[in-house]
Every structure is written in structure tokens, then in C-alpha cells.
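**Student:** Spelled out, the chains give:
Protein chains: 2
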Amino acid sequence: MSASSVDLRAVRARRLSALRARLASDGVDGLLLSHGADLPWLTGYRAMPLERLTMLVVLPEADPVLVVPELEAPRVAAEEAQVTLAPWSEGADPVELVVDLLRRGPWPPRRLAVSDRAWAVDLLRLQARLPEVQWLAASTVTGPLRAVKDEAEVEALAGAAAAADAVARAIQAGEVPLRGRSEAVVAEEVGRRLREAGHQAVNFAIVASGPNGASPHHEPGGRVLETGDTVVLDFGGTWARPGDVGYCSDITRTVVLGRASAEVREAYAVLEAAQAAARAAVRPGVTAGAVDRAARGVIEDAGYGRWFIHRTGHGIGVEEHEEPYITAGSEVVLEPGHVFSVEPGIYLPGRFGMRLEDIVAVRPEGRADLNQAPRGLVELDG
Amino acid sequence: MSASSVDLRAVRARRLSALRARLASDGVDGLLLSHGADLPWLTGYRAMPLERLTMLVVLPEADPVLVVPELEAPRVAAEEAQVTLAPWSEGADPVELVVDLLRRGPWPPRRLAVSDRAWAVDLLRLQARLPEVQWLAASTVTGPLRAVKDEAEVEALAGAAAAADAVARAIQAGEVPLRGRSEAVVAEEVGRRLREAGHQAVNFAIVASGPNGASPHHEPGGRVLETGDTVVLDFGGTWARPGDVGYCSDITRTVVLGRASAEVREAYAVLEAAQAAARAAVRPGVTAGAVDRAARGVIEDAGYGRWFIHRTGHGIGVEEHEEPYITAGSEVVLEPGHVFSVEPGIYLPGRFGMRLEDIVAVRPEGRADLNQAPRGLVELDG
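Sequence lines, in order, name chains A and B.
Numbering-wise, the first sequence is residues 1267 to 1648 according to our numbering.
Numbering-wise, the second sequence is residues 1267 to 1648 according to our numbering.
Hints listed in this document are in silico derivations from the structure and should not be mistaken for laboratory results.
Quick caveat, the model's predicted, so the values are computed rather than measured.
All residues carry an ideal CB built from backbone N, CA and C; glycine is no exception.
Each hint should be verified, as a subset may be incorrect.
Looking from chain B toward chain A, a few residues come up when the C-beta cut is under 8 Å (computed) [what the hints assert, rightly or not]:
#1 M1314
#2 L1316
#3 E1336
#4 R1341
#5 G1357
#6 A1358
#7 W1385
#8 L1389
#9 H1484
#10 S1527
#11 G1571
#12 I1575
#13 H1587
Pairwise CB distance ranges, derived in the manner of DEER restraints [claimed, not checked]:
#14 B/G1509 <-> A/W1373: 52 to 58 Å
#15 B/E1417 <-> A/W1373: 53 to 59 Å
#16 A/E1417 <-> B/G1440: 46 to 52 Å
#17 A/G1409 <-> B/Q1466: 30 to 36 Å
#18 B/R1377 <-> A/P1640: 55 to 61 Å
#19 B/G1616 <-> A/P1410: 39 to 45 Å
#20 B/G1440 <-> A/L1316: 31 to 37 Å
#21 B/G1632 <-> A/E1485: 38 to 44 Å
#22 A/P1615 <-> B/G1509: 19 to 25 Å
#23 B/R1377 <-> A/R1370: 30 to 36 Å
#24 B/D1567 <-> A/W1373: 54 to 60 Å
The following block holds chain A by itself, in its conformation from the complex (with noise of 0.2 Å):
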């Protein structure tokens, strides 16, 4: 399928009508979707980050409508989000909307999801107006659909991977100066390097160098790249289609300046062990659980166990972080159309860090690597 051919409105009606299905099968009266994920993915408009309400009703029968703030409504395609405009205006009661749309649902409701990223101050006030109904988050209706990708955004996600891979390759090819550099400017660098590679936005540039690599989220800050350090740069956006909602890259690789230590060295070697055992593990029926065993048992059984603190891999999708998750003992079943990151770590605390990732696809016959940046340990001179 042709990324021009993505007939997007057609793409949201099957994800309406499987949400539908869900709410049907799960005994879930309505759906009330506010900030996150959730309704760029079903409608292509995302709620601003603002005090004042923005929230579609989605119920089981009727047409889905959005309830938001007046002035935000001529930002709304509404046509292409294929759904029914509620502006309010200021001095308005939006709570007092939504409950009003959802006497259009079953009345009166027993359960009702809402995103999980919603805020907590708008939830309080719909409880207080619907004090008998049972609330869900969104995502035990929207997180299962949301995890199985279909090809064009498998498609979508692979064209985020390759413009991440661009400013991996471009670094690890020494075009990206570190040495002398604070890791604030080289995050900077490397933030713009991955707009001129095609995404629209830069989520996050994570520049760790020396000691700062053993803290896996660090803050890019003063700290300037010198000979022997090992740099953990960790970094993505959002890339998308002219029109449709963006996707996530997310990739990490790691550096040496100068020749890597005999320790930096054999550490890597289990790194890159662990994250090749953890990518060959990954077809359909296989739990989430087993992916991260591969590569926690590779690290575990060359001594760095307790230095691998976090987690294998995260979903990835409209967000940077989705289901599946690839946690430790997770008896989530692999399917075709899962796509996540594999990113074991080892951090070393006060010494160096190091961390591997790279986002993959469940395909019917295995897995494709949407990454494909070298993986093995860069020594970069000059």
C-alpha cells in the first residue's frame, strides 16, 4: 500500500466501528476520550493541552460527538474526523455536555471508560455528576485495538524508523561533533537532525555521556564530551503523513570517544548479545514475558543483572510509549501488527552506561527491524 493511498477516513470508520464492537463486548456504555493518544488515533485532531474541556463521546449506537471549547472548534477537520462538532462557550458547563450526550446512550450509564490520560480534575468533576457510574480507563477498551497496527501504520512506523536511522547513521559516521561539545548543544544538534530527516517534532534527544550513561532518562545538561567517554544517545520524533495523525521513532546507540576500555568492550558485547537474543525471540505466539527473558538472561548470565534496571521494550505508536509492554513475566501473546522497541541497558552507577534499541515489527512470518542502523559499539576518533 502506497502512503498516498491511505484512505484515512476509511482507516477512522473500522477503528469507530471496532471500538464500538469492544464497548458492545465489554459492557462499556460510553467512551469519553480527552487528552492522549486515544482520540488522535480514532479521530486525527488532539486536544490541546488546556484547562478548558475537549472530550468525544463515543456511545455503543450513536454517532460520536465532540464536545469543545468554541475557540479550538475551526482547528477541528471535523468531515475528516467523521465526527459532530459541540462547541461550548466560555461560561458554559462542558461536563453538563457530555452528560447531556450521553443520555443518547444507555440511561443511565453503569460504566464508563475515559482516557487515561485525562485529566484528573475534569474526572472529578464528571464523577461528581455521575456519582452512581463505574469508571474505567480508556485503555482497557482502545489499548488492545491500538496495539495491532495495520500495514499503513506499520508502513508509517517504519518511515519514523528510517529517519531516525539517518541521524544514528550520521553520528555514528562521526558527521555529529561531540568531543568538546556539552551534551545540551549535541541534543540540540541532534533535535534538528531529526526534523530534516522528516519528522515534524522532536519528543525527546537524550545525550548521556561518561558517568551521566548510568542514569537511563538523563537530562542532557553542561557536561562536555571528552576522550574515553561512552555516550548513550537516545532520541526520537514524530513523523507523519500529510493529513494523518504522526508516529513515534524512538531509537538509541551508543558511542565511544576515542578506544572503548576492555570493560566498555566486553560490556557492549553482552549488550549486543542480549538485544540480537532478544529480536530473534520475537514472532507471533510468543509472550512478552519470553522476549524480555532472552535478553535478560543473556545479561543475567554474564554477571550484569542487577545493572539492567528497566523494563526490554515499550509498544510504540501514535504515542511514544503504548502496549505491549515487554516486561519481565508478561503473558501478553505476540501478534502480527505488535510493534515495540527492544532496549536492554547496563548502568554502571557513577561509571558509564550503555543501551541498544531498536523498534520491531511482529510480521505472520516472524519480525521485521524497522531500525537498521549499525548496532555494533562505534569508536569514534577526532
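Given chain A, put chain B in place with the hints provided.
**Tutor:** Only chain B this time, still in chain A's reference frame:
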């Protein structure tokens, strides 16, 4: 007070004392801070927008403890933040940890407050674990405290405003090419200039040209600016002292490419008079509603009332929008330390729009205009 003399630890200790006094006087047994600005205002630390829970447990008597994912813990400057860390490792249940920490306070708790922007999914988990608790939005406790800025905060907001002014003046001087460029390209340059002027982050840059100006929150797109266009430029970023949490800027200026039509000139004169009237109304003891009325009255009297479709302003601080809100009928009484935008607008659907926005601070003797860029209609040649 000079920027370097601000003792952030002392400031944060004062804020914690004030919060605890309010918890006691409001009969709130605990305050749980997660996403949003309350946490960085109190500690300098901002929760990552992750599915892993970060939550500060503030009790009337016991010391504050930050529940934080183990891999984020190294990012917290715990000593500066004056909190104890309770890191949780993957597989642990952070909600259980929060509940255990609450046991150090009034038990069982009857009323708890949670960050307005905490995620619904986390509130639902807490509610499932503590079904008897009455939940409140944290802003009922923190909002009035955060709304009244101390001298160092007013100084930071003035610093942010001056940085935004520099960009506004450059636009008004014709230093930012407009004609023949798309809104999106202009927005990118505005963002770059916000950083160059000293902002650490760009929060938004609206460029709304011609008929797009009639949508107050228009997303800059492919429309190319041309002679005759009225262009609304509304932008802001975050500006921080070293080590301090950032404060926001927010300014809007409207320019015309070429000569303004008589209609645009007439409407702009009304807008400018309305904004001046509202600023002139700002002083201690006046209600927020009276400031809104001052702007709205001028616009209504001139016959444009139905085209001014939003409130007159919003408080600004660590968040772009916070208390006090300058809305019709608001009975909130202004007091020294309140800082907010004054931003009336006139929007003619399908034709053009205009808005004029400045940040003002309420002072004991009246007000201070934190933005100083010229407010008249600017016609740009070339």
C-alpha cells in the same frame, strides 16, 4: 532582589509551609502531586510524561516524600527539592507505596487533593485502593497560593516578558520576513528567536494570516502570507534562572502586510482602546470580572461584541494558563502579586482576526506592564 540572590531552598521551604497551613485550614489530609506545575513550583522537579507514576506525598505534619520510578530517581535534585525519594523498581506497585506513605498522616484519610493534571488512570487506581476518600483537585489548595507571585517570581516573569518583547519588536521592525513565506515557516523562525532571546523552551507560536486570524488558536500551516493580510502572531516560551523552575511568556501582536483597510484600522482602534481600558482597570481590590468588563464594554459599545469570543485573560507563572482567570462575571479580587494576560480580540469568521496581548502584574500601587513592545497597528512594507 537580584537574580543571583534568590535562595531557592528558602523559597521552596516557604511554599511548603504555606501549603501545609492551607491543608490544615481546609481540612485536607494530604496532597498528591503528579503531572502539572504544582510539583515543579514546590520542588523544581517536573514529572516525566510517562506511564510510570511520579507522585509527591505532602502531609500536614510529616516530611514530603517523592514516589518516583527508579530510573528517573537520578534526575531528581533531592536536596535542592527538599524531598525524600522513594524510588520504585519495575514490577512494584507505586500506588501501594503512595498509600503506605499516607499512613504517616491522618489515617484513614477523609479528604485528599490530587494534581489537576494527574492522569485519570492514576486517580482511578488510587480511588480503587482508597474507596472512602473524598477527592479534591489540588488547585483548590495550590491555586490561590501559586496565583500570588513573590518578588522573585515577578522578576522572572518580567525576564520572560522582556525576552518575548525582543521577538515582538523584531517582527514589528520588519526583521522577520513575512510576505511570501508560509505561516509554518514564520512560526519556526519565531520559535528560534524566542530561544535566541533567552527562553529555554518554546511553548507555542501561532501565526494566523488573513482569514486564519479569525481562529484564535489557529495552527500555523501552509498558507503563504501576502500583501493585504492581517497577521496575528501569538507566542511564548519558558524562561528560567539557573536551577529554578521556568516561568512563561505570552504575547500577541497583530501586523498588516501593506496598507491596512479602513475596516481593519477601525477595528484595531477599538481593540487597542479595549486593551488599554482593561489594563487601566488593573489594581488591588478590583475584581477580575471588572477587568474583563472594561475590555468587553469598549468592544461591545463599538458593535463588535459578538466577535470577541473568549475571556480577556489568564494568570501566568510556571504554567502558561493558571489562576487568576480574567473572565466575565468573575468575583476573584485582584491583589498584589497576581500576574495575568490582558488579551482581547476581534474575530470576523472567513475574513480576518486581531488580538493584542500583554502580561501585567498587580502591584500595591496599581499595576506594572511586564511587556513593553509597541501596541499600535504596524503596517509592514517590503
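**Student:** Verify the interface restraint on B/H1587: the C-beta must sit less than 8 Å from at least one C-beta of chain A.
**Tutor:** Holds. Min distance 6 Å.
**Student:** Hey, does the B/L1316 contact hint survive, CB to chain A under 8 Å?
**Tutor:** OK, holds: B/L1316 within 8 Å of chain A, min 7 Å.
**Student:** Is the interface hint for B/L1389 satisfied, with its Cβ closer than 8 Å to some Cβ of chain A?
**Tutor:** 5 Å, holds
**Student:** Assuming the hint says 30 to 36 Å, is it satisfied by the Cβ distance from B/R1377 to A/R1370 or not?
**Tutor:** Given range 30 to 36 Å: holds, Cβ gap about 35 Å.
**Student:** Evaluate the given range 52 to 58 Å for the C-beta pair formed by B/G1509 and A/W1373.
**Tutor:** 54 Å, holds
**Student:** Would the stated hint for B/W1385 survive a check requiring a Cβ distance to chain A of less than 8 Å?
**Tutor:** Interface hint status for B/W1385: holds (5 Å vs cutoff 8 Å).
**Student:** I want to verify a distance hint. Is the separation of the beta carbons of B/D1567 and A/W1373 within 54 to 60 Å?
**Tutor:** 45 Å, violated
**Student:** Verify the interface restraint on B/A1358: the C-beta must sit less than 8 Å from at least one C-beta of chain A.
**Tutor:** 12 Å, violated
**Student:** Does the closest beta carbon of chain A sit nearer than 8 Å to the beta carbon of B/G1357?
**Tutor:** B/G1357 check passes; min Cβ-Cβ to chain A is 6 Å, inside 8 Å.
**Student:** Do the Cβ positions of B/R1377 and A/P1640 conform to the proposed distance bound of 55 to 61 Å?
**Tutor:** 57 Å, holds
**Student:** Measuring from the C-beta of B/M1314 to each C-beta in chain A, is the shortest one below 8 Å?
**Tutor:** 7 Å, holds
**Student:** Holds or violated: is the Cβ of B/R1341 closer than 8 Å to a Cβ in chain A?
**Tutor:** 6 Å, holds
Of the numbered hints listed earlier, those contradicted by the structure are 6, 10, 11, 24.
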